[in-house]
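Participant: Take a look at the letters that make up each chain.
Protein chains: 2
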Amino acid sequence: MSNPPLRIGVAGLGTVGIGVIRVLSEQSSMISARCNREVKVVAISAQDPNKKRGLDLSNYIWYSDPLSMATDENIDVVVEVIGGSSGIAKDLVESALNNKKHVITANKALIASAGLDLARSAEHVGKTIGFEAAVAGGVPIVKAIREGLSGSNIQQLFGILNGTCNYILSEMRETGRDFDEVLGEAQDLGYAEADPTFDIDGVDSAHKLAILTSIAFGCEINFDSIQIEGIRHISPLDIQFASDLGYRIKLLGMARKTEAGIQQRVHPCMVPVSAPIAHVEGVYNAVVTEGSFVGRTMYEGRGAGEGPTASAVVADIIDIALSRNTNLFLVPTVKLERMQVAPVSSYIGSYYARFMVTDKTGVFATIANALNDNGVSMESVLQRGRSKNEAVPVVLTTHETDEASLIRALEAIERSKVVFEPPRFVKIESF
Amino acid sequence: MSNPPLRIGVAGLGTVGIGVIRVLSEQSSMISARCNREVKVVAISAQDPNKKRGLDLSNYIWYSDPLSMATDENIDVVVEVIGGSSGIAKDLVESALNNKKHVITANKALIASAGLDLARSAEHVGKTIGFEAAVAGGVPIVKAIREGLSGSNIQQLFGILNGTCNYILSEMRETGRDFDEVLGEAQDLGYAEADPTFDIDGVDSAHKLAILTSIAFGCEINFDSIQIEGIRHISPLDIQFASDLGYRIKLLGMARKTEAGIQQRVHPCMVPVSAPIAHVEGVYNAVVTEGSFVGRTMYEGRGAGEGPTASAVVADIIDIALSRNTNLFLVPTVKLERMQVAPVSSYIGSYYARFMVTDKTGVFATIANALNDNGVSMESVLQRGRSKNEAVPVVLTTHETDEASLIRALEAIERSKVVFEPPRFVKIESF
Chain Y
9 MSNPPLRIGV
19 AGLGTVGIGV
29 IRVLSEQSSM
39 ISARCNREVK
49 VVAISAQDPN
59 KKRGLDLSNY
69 IWYSDPLSMA
79 TDENIDVVVE
89 VIGGSSGIAK
99 DLVESALNNK
109 KHVITANKAL
119 IASAGLDLAR
129 SAEHVGKTIG
139 FEAAVAGGVP
149 IVKAIREGLS
159 GSNIQQLFGI
169 LNGTCNYILS
179 EMRETGRDFD
189 EVLGEAQDLG
199 YAEADPTFDI
209 DGVDSAHKLA
219 ILTSIAFGCE
229 INFDSIQIEG
239 IRHISPLDIQ
249 FASDLGYRIK
259 LLGMARKTEA
269 GIQQRVHPCM
279 VPVSAPIAHV
289 EGVYNAVVTE
299 GSFVGRTMYE
309 GRGAGEGPTA
319 SAVVADIIDI
329 ALSRNTNLFL
339 VPTVKLERMQ
349 VAPVSSYIGS
359 YYARFMVTDK
369 TGVFATIANA
379 LNDNGVSMES
389 VLQRGRSKNE
399 AVPVVLTTHE
409 TDEASLIRAL
419 EAIERSKVVF
429 EPPRFVKIES
439 F
Chain P
9 MSNPPLRIGV
19 AGLGTVGIGV
29 IRVLSEQSSM
39 ISARCNREVK
49 VVAISAQDPN
59 KKRGLDLSNY
69 IWYSDPLSMA
79 TDENIDVVVE
89 VIGGSSGIAK
99 DLVESALNNK
109 KHVITANKAL
119 IASAGLDLAR
129 SAEHVGKTIG
139 FEAAVAGGVP
149 IVKAIREGLS
159 GSNIQQLFGI
169 LNGTCNYILS
179 EMRETGRDFD
189 EVLGEAQDLG
199 YAEADPTFDI
209 DGVDSAHKLA
219 ILTSIAFGCE
229 INFDSIQIEG
239 IRHISPLDIQ
249 FASDLGYRIK
259 LLGMARKTEA
269 GIQQRVHPCM
279 VPVSAPIAHV
289 EGVYNAVVTE
299 GSFVGRTMYE
309 GRGAGEGPTA
319 SAVVADIIDI
329 ALSRNTNLFL
339 VPTVKLERMQ
349 VAPVSSYIGS
359 YYARFMVTDK
369 TGVFATIANA
379 LNDNGVSMES
389 VLQRGRSKNE
399 AVPVVLTTHE
409 TDEASLIRAL
419 EAIERSKVVF
429 EPPRFVKIES
439 F
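Top to bottom, those sequences are chains Y and P. Residues in the first sequence are numbered consecutively from 9, following our numbering. Residues in the second sequence are numbered consecutively from 9, following our numbering.
Among the clues, some could well be false.
The list treats identical chains as interchangeable, and a pair is accepted whether it falls inside one copy or across any two copies.
[Stated by the list, open to error] Cross-link-like lysine to any residue pairs, in silico, SDA-like; alpha carbons within 20 Å at most: (1) K59 <-> E411; (2) K343 <-> A41; (3) K108 <-> E201; (4) K59 <-> S395; (5) K265 <-> A41; (6) K435 <-> N382; (7) K343 <-> R45; (8) K435 <-> E387; (9) K48 <-> E81; (10) K265 <-> V352; (11) K343 <-> S37; (12) K343 <-> Q35; (13) K265 <-> S37; (14) K60 <-> I356; (15) K425 <-> S395; (16) K59 <-> G290; (17) K343 <-> I326; (18) K343 <-> N11; (19) K343 <-> P13; (20) K265 <-> G192; (21) K59 <-> V352; (22) K48 <-> N161; (23) K343 <-> L75.
No wet-lab data here; the hints were simulated from the structure. Bear in mind the structure is a predicted one, so any value in this text is a computation, not a measurement.
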């Protein structure tokens, strides 16, 4: 083979780092054939050289300081799988670019927060930052959007971007158990981290959404403007009512171009059971795009785990080996548009709301009046169970309304004291 | 902009050709930004210059002979959307390559039959043949498999590859009408061609499957070895029984690596309603892949039509504009493996079979004995309706068996004269 080998340094030897080494070594001849050149890991970096990692790592040069690896002249590509939006991961990526190396990362937090600066640095040195592994694990969604759909003007996208949340919601629906119990089980199974905050509060989904928005719309990444709500407050009761009404509750990330600007939202939604995305269950992720000419397309697969994430990193390595270059965010950074953020008042849709009330005369009139006073019109009402002493749920769905009006109505209902707890509401998305 | 424009010639001004011109002209500034250079159609070719095509074509150089366009020195990329596996389309592609132009085609028949020779020619001159539009319309499945999943060793793939057939089967299920009636309606709606043979007999699906097999497995394309069966014989009765048993009937293309070699099949299958592909309805296409490390991924979208197909052609144009090159069939042609074709006797699975019988003592014993004699064991039996005089259907599903044994059993049953018509059978795929 006449082309020189592509030499890889892997920084971070957790699940993904070990996975990358495994994918490359177990399939080395296949990958070399696809790249028309040898691809080999030459160096690795992690804090503890003595930790058992289930692989023989003795053939690789060991760096206890990843920043030293970034200056190694025998490395062409640095794979950053340390994680974290700042600190050593960011320093490493910057240093690797400054030393004229390609970078591949699975770090969505880093791209979501510093992606624009990193893209400028990469352009400056003429190197690539690959980040396919940062969104939807092994599903090549970054490639699909930036390249496969590049002939289309994407108007909206939405997706299930966090496998932990989707697993929890799927389990809650199938077993009727509550959030805390299923979360504990997910932690035991390794589907949720010991500190699950980033996942269950929607932050991880928002990092991924910020990336998808930018590569789909060609605008500067804007994580801070995302409206984020997690799944902690979703109750088995809401999941049951959703089923009764013909919906499933999914945590979605959604980005939409509107006349008022770009909406970016992460929150639980009710989606009709007839929608394909309603059937994406467990740890699977899925992304749906809608664009000019091509219409609607959907992509689905495992959103995390050693194998899928490592597979995405290796796909980026193969792109680099073949000199297939892509603008980090769809267009060169100088052409990225500043994002015009749509105000929350522009959010329009139907909603589900649940009230815990006593079964007394006048309660429903109070609710109906508050909705009416704020211009919110009801589509359907459902009451389950009757009790003079205990709280019983009343749920309703609204016709199309703006979210601000709904929130004003719910606040008025809460102030009126007919409810035992603050009303819950979930947006209905009729994809 | 400092890069020279990329100059396109479009041969064939049917739906797709006009679509390509429309996508490029309506989105010219967006596409130029994504390509870092201008992309412009400079020449077009079709037989009749006077035909109304709904677009102003007066700014383009007109070639009534596409082969003359292939020699135009002011063209960088020839888009072949004439169609047909031989004749002018093939001559044009060969001539364009010989004249050192990139080629983009939506022509699955051409790639399926002559792809290997064309790939060699393209390598010889160092040019690209793009054919994203040849499979699954606007869904970037060629890119997903060749690039996005290139870190994975794909073991099997299957998909709904023909929108016409999927529309017909969806309509038959929803309305209970028979094949001929729904086909006629599909023709009126433009979802089926005046001569629908290639679609409904599975040939179009097989062309696409041959391409997917080759790019997924890195083997020489082998259309002739595909076992092909279409949907003409699917009756509303079978669709109804499938529903009763928890299945849907879909025309699938399937490729699988087995110890006996590679299986490539196109035929109607029963898929469980719990499988995501069961919910791909109407003119939509979907492809599912299963490979090392990444596991199962799925891709879905509109499989045909002006917009989706043109969008895929334009994605290929953008790849060329950015010099993103890919081996036509995953690896360089010298590294493609000769396909070892698995014999039909290696096909193992469960089957559905339907018999039209008179409701007489002994009939069922005859069927059961024939199955038993051939080593086929039954899983379930279902009878609908009773009549002493008319044929009534008996259906059964089998445990896992090889297809050759099943066929021998069905032939024995047919010879025994207890049935009014040849038994029908459909393979059950438990994805």
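Participant: I'd like to know which numbered hints this structure contradicts. Please list them from smallest to largest.
Facilitator: Going through the list in order, the structure violates hints 1, 3, 4, 14, 16, 20, 21 and 23 and respects the others.
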